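**Student:** Listed in order, the protein sequences are those of chains P and H.
1 is the number of the first residue of the first sequence in the numbering used here; add one for each residue after it.
1001 is the number of the first residue of the second sequence in the numbering used here; add one for each residue after it.
Simulated from the structure, these hints should not be mistaken for lab results.
Incorrect hints may appear among the rest.
[Stated by the list, open to error] For the chain P half of the interface with chain H, some residues (derived, Cβ under 8 angstroms), not all of them:
id : residue
1  : SER98
2  : TRP280
3  : LEU344
[To be verified] Simulated restraints, written as ranges between beta carbons of each label pair:
id : chain 1 : residue 1 : chain 2 : residue 2 : range
4  : P       : PHE16     : H       : PRO1064   : 46 to 52 angstroms
5  : P       : ARG192    : H       : PHE1168   : 37 to 43 angstroms
6  : P       : GLU112    : H       : ASP1225   : 54 to 60 angstroms
7  : P       : LYS66     : H       : PHE1168   : 46 to 52 angstroms
8  : H       : GLU1181   : P       : SER75     : 52 to 58 angstroms
9  : P       : ALA71     : H       : PRO1224   : 55 to 61 angstroms
10 : H       : GLU1364   : P       : LYS66     : 30 to 36 angstroms
11 : P       : ASP241    : H       : PHE1168   : 23 to 29 angstroms
12 : H       : GLU1181   : P       : ARG192    : 42 to 48 angstroms
13 : H       : GLU1181   : P       : ARG97     : 45 to 51 angstroms
14 : P       : GLY210    : H       : PRO1224   : 36 to 42 angstroms
15 : P       : VAL353    : H       : GLY1223   : 50 to 56 angstroms
As the structure is a computational prediction, the values presented were derived from the model and not from experiment.
Every residue, glycine too, gets a C-beta built ideally from N, C-alpha and C.
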Amino acid sequence: MTTIDKELLKRLPRTFVPSLNEQLDKWDLLFPAEQRTLQNQLDYLAGLAPGDFDGLFRAMKDVEAKMQLPAWEASSRRISISETSLLVRSPFYPQWRSEVEKVFARIDEGIEARKSRKPRRSVVVCLLPAGLPLPAGIPWPRLAQAGRTLSLRAAFSDGAEQFLLALARQTDSAADPAERTWVFETGDALSRTLASGADGLTPLSFESLGPARKAFLQRLNVIKKDLHSADQAYDDLRHLDLASLLGKGLGRDLRLSSFIRDLFLSGNGALLFGNAFVEWGSSEAMRRAQPQLLICSFGIRHKLKPFSSVAVFEDQGRASPAPEQDDAPSSLIDAQILAEYVYLTTSRLPSYVEQTLGVFAIEDSSTVQVLGPLPSTGWPSGPLALAELGTGIVRWMEEGA
Amino acid sequence: MRANIAQAVDRRTLLRLALLAAVEKLPAKAPARPDRPARKVVLATIAGVRRKETFAATGPDNIPRLRGELMPQALFYENCVNEGVTSHFNSISSILTGVWQHVDDWGRDLPRNPTLINYVRNQLHLDPTQTFVVTSNKALTANIGAGGNVILTKQLLIEAVERIALGFSRRPRLDRDLLLEELTDVMQQDYERIGWEVPGPAATMEPRLKQTFLTALANFVKGPDNATSGDELTFMVAAEVLRRVEPALLMINFSDVEVAHFGVYSAHLAGIRNTDAICYRLWNLLQSLPAYAGQTALVIMPEFGRDPDGSTTNGFFNHRTNTEENRVTWLMVLGPSASRPAYVKKTVRHIDVAPSLGAFLGVECSESVGEMLPEFRA
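Chain P on its own, in the form it takes in the complex (with noise of 0.2 angstroms):
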């Protein structure tokens, strides 16, 4: 576990403290990935000169003095919901949020100039399930000019399995496993599939997590309409015992347990929604453990039932008796766009920067989006098999290794 000196806590902005300690904290539970990159900003901050130091943080720290800030002492080691609803109504947190940003900015900039060489290439691979009513052309018509479209000679579920078991093997063997390869998916297909096949596999499934998300909400259901109820549930959940709700596997390992609370604490709808679970925790899997190979397996969602969508916490297959439905045509809506988050997220990481391939693919379709670096070179001109496609990605990701 790392430290941190006494003195620089005390030199550092006042928002910047809970927040650090809080990470500190829970220095084992971080992924190699994270506990790098705040050891880097540790050590940057720490070497800078004392006038540099100042010149940072300066602007940040004037404008902290003219916010109403909570009693945050050097000890404190996390911000509340009701700290950051005080923090975020403030007059001057859009200036607050800005001077963090150009904070942030330098200080990679800064931790970026030092590096000698480029990240490792990296894989993602958005996958769309089969039975969706696709429209004519090409379904990521947004993303096109980021690459090139091509053509199967089969539908891509025709040799998926062994495509993407390819990737997964040409990934850095020495690397922790939690940088290797990541897989999200609404059902659990891809997770028992591949688990066999390849090494270094982190699979999470929202089916699979069923009885933990139903453990958080039930927990969140009761939460009254006031700040103090959300942090005393949010605080309750980040003491429950997941262990027996994530089975012998993921329960023992304490590190992606923490990760999936975290996640689940997060909102953005990745305790209710298969395909939003898919979408945010491939960006925080990016975000924090930073893998080389990503997969993210959406799904078909059910039809929202008349009225029980109006209390979205709920399970609306025990309210009401209406049978449950799939609802493709809207879940192609939602995973289009979700699948381009994922790929978009990576063009704000540094370590995935003009370094990262994305895969675009539907089950039963024949036609795949690439986007990114591969070389438009090289291709035949015709349609071309999916083994062929993986050879070609494997061959890139060798060139960068």
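Following the hints, complete the assembly by docking chain H onto the known chain P.
**Tutor:** Relative to the frame of chain P, chain H by itself:
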């Protein structure tokens, strides 16, 4: 289970207090019509919608009536900026006060300045039935319309749905007949408890308001449109208030679009389309009611946009960034103020709405820091 029930009952208190606000403000007998001002205002706010899903080139499919039917007869401001806190309570209280508000987001505090409701009530010496807020948004409380009547319709609907879903009701399933019974029960029980909750003479609900609610609930559950959403209930309650109570100022708030927080983009778009249809129905309703036709300003505006695609706050899910997509939306004005329909390109602010509507009604929003929009002058 007992703890769950206790919590649910606590939540009901919010609804009770909101409904109590309505009861307290109603006089025993409505005053005669001549005391009422001829000019009226209906302000309809929509929660978070981006321009790209509405009035930008990519959005017209979602708003066929706003764009095709209402815009040609409207004063349309293409850039309306929220420079304040982009949360629901603060945004709406900024619109109503004409001052950027920085109060508790969960509606625990009153706005720090008088609202349009206060100005209208005090300066026009109106009776308490003349100002109403009917709102879908769960983040709002009765504090949003202090001094007027506030009806938190979605709270009522959620309360009834939750009672059935969580098994606290003797009604076993969520179908239309049973839901109407449950909604009616929730209402009756809350009013029966008022004398117990807050000692005072208003121990029973004023019959006219009670009938207004019951009619709206029946229309919602049993009507021909198969309505199911919180915004549809909000519209139906507002419609009954307009028909039966004829207030001079009604603020109505729609929030189905906030399903975006859960990442269901298709439902967010459906919420926009639903709001589009409701706004059109609202305008047509106003034209059909003698008390409103030809003398009512209808203002339609989003509270804010949503975050940009690719932002660290997860794009359309949230509304937290200090970006143009989140802060800049649009403003539509219909009625006498739009006697000369126009597409206005200049940038206006949320805080300009209160003084402009105040001027239309003949009141001065003395503490507002917004500017009166000259185009509003009819």
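**Student:** Would you settle whether the hint for SER98/P is holds or violated, based on the nearest Cβ-Cβ distance to chain H being less than 8 angstroms?
**Tutor:** 7 angstroms, holds
**Student:** Taking the CB of ASP241/P and the CB of PHE1168/H, does the distance hold inside 23 to 29 angstroms?
**Tutor:** 27 angstroms, holds
**Student:** When you take the CB atoms of VAL353/P and GLY1223/H, is the distance between them in 50 to 56 angstroms?
**Tutor:** 53 angstroms, holds
**Student:** Quick check on a hinted range of 45 to 51 angstroms for GLU1181/H and ARG97/P, using CB atoms only.
**Tutor:** 48 angstroms, holds
**Student:** For the pair ARG192/P and PHE1168/H, does the Cβ-Cβ distance stay inside 37 to 43 angstroms?
**Tutor:** Given range 37 to 43 angstroms: holds, Cβ gap about 39 angstroms.
**Student:** Hey, does the TRP280/P contact hint survive, CB to chain H under 8 angstroms?
**Tutor:** 6 angstroms, holds
**Student:** Do the Cβ positions of GLU1181/H and SER75/P conform to the proposed distance bound of 52 to 58 angstroms?
**Tutor:** 55 angstroms, holds
**Student:** Do the Cβ positions of LYS66/P and PHE1168/H conform to the proposed distance bound of 46 to 52 angstroms?
**Tutor:** 48 angstroms, holds
**Student:** A range of 55 to 61 angstroms was offered for this pair. Does it hold for the Cβ distance of ALA71/P and PRO1224/H?
**Tutor:** Distance hint for ALA71/P, PRO1224/H holds at roughly 58 angstroms.
**Student:** Evaluate the given range 46 to 52 angstroms for the C-beta pair formed by PHE16/P and PRO1064/H.
**Tutor:** 49 angstroms, holds
**Student:** Given the hint of 42 to 48 angstroms, is the C-beta distance from GLU1181/H to ARG192/P inside that range or not?
**Tutor:** Holds - the Cβ-Cβ distance for GLU1181/H and ARG192/P, about 46 angstroms, lies within 42 to 48 angstroms.
**Student:** Determine whether the Cβ-Cβ distance between GLY210/P and PRO1224/H falls within the hinted range of 36 to 42 angstroms.
**Tutor:** 38 angstroms, holds
Violated hints: none; the structure is consistent with every hint.
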